[in-house]
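Dock chain L against the given chain V, drawing on the hints supplied.
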Amino acid sequence: DAGVIQSPRHEVTEMGQEVTLRCKPISGHNSLFWYRQTMMRGLELLIYFNNNVPIDDSGMPEDRFSAKMPNASFSTLKIQPSEPRDSAVYFCAVGSGARTSEQYFGPGTRLTVT
Amino acid sequence: KQEVTQIPAALSVPEGENLVLNCSFTDSAIYNLQWFRQDPGKGLTSLLLIQSSQREQTSGRLNASLDKSSGRSTLYIAASQPGDSATYLCAVSAGGSEKLVFGKGTKLTVNP
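Taken in sequence, the protein lines are chains V and L.
For the record, in the first sequence the residue sitting at position 46 is 46 according to the working numbering, with numbers rising by one throughout.
For the record, in the second sequence the residue sitting at position 41 is 1041 according to the working numbering, with numbers rising by one throughout.
Simulated from the structure, these hints should not be mistaken for laboratory data.
Take every hint as true, because none was put in to throw you off.
Simulated pairs of lysine-lysine, PhoX-like, Cα-Cα distance not exceeding 25 angstroms: (1) V/Lys24 to L/Lys1042; (2) V/Lys24 to V/Lys68; (3) L/Lys1068 to L/Lys1001; (4) V/Lys78 to V/Lys24; (5) L/Lys1001 to L/Lys1104; (6) V/Lys78 to L/Lys1042.
Isolated chain V (complex conformation) (with noise of 0.2 angstroms):
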């Protein structure tokens, strides 16, 4: 995982509260990806950032979601309010910036919302 830091590992909330997802990328990666696991969609990635800009947004399912860089050595992803069917994986990813980088992975955060 290159040393890429997510937290909690394990969350569970009941629908209607806030989650924050964190994410401690290694130093050197200038961009950072947030994506979302789920067994009937797979790996899709919400949101990317380079050198702390949001690049592409696109993936982020709706206004519930938002993300923020504030500086190169940490990036969160909120939820609010959370619903049931935000349960899934959420990885955080690092790369180098180049568009033929590749990308390494955080272990995850495994979300339950009930």
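The following block gives chain L in isolation, referenced to the frame of chain V:
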């Protein structure tokens, strides 16, 4: 819109067998193709990255090939071992950017 398909969805083989996993994509305008491995409940581990100008990449018992014009890639695993059991995912860079589009994976089981 780029779509990635992996066939078969699941594969079970006896230990020691050589095997091939397939990946196809609809838009040949890619920058690279990446093969990942995912163990149950874990994140993705990058196995091989093939740039669009390359035909293949090798790492140990793994060999990945790329035929951009036909929109196909294969991952060849030689002398399979039970430890190779995992889901293998193929992804291509899409839309003229860094973002990856993933296939749904092939779940491989290697039986001792």
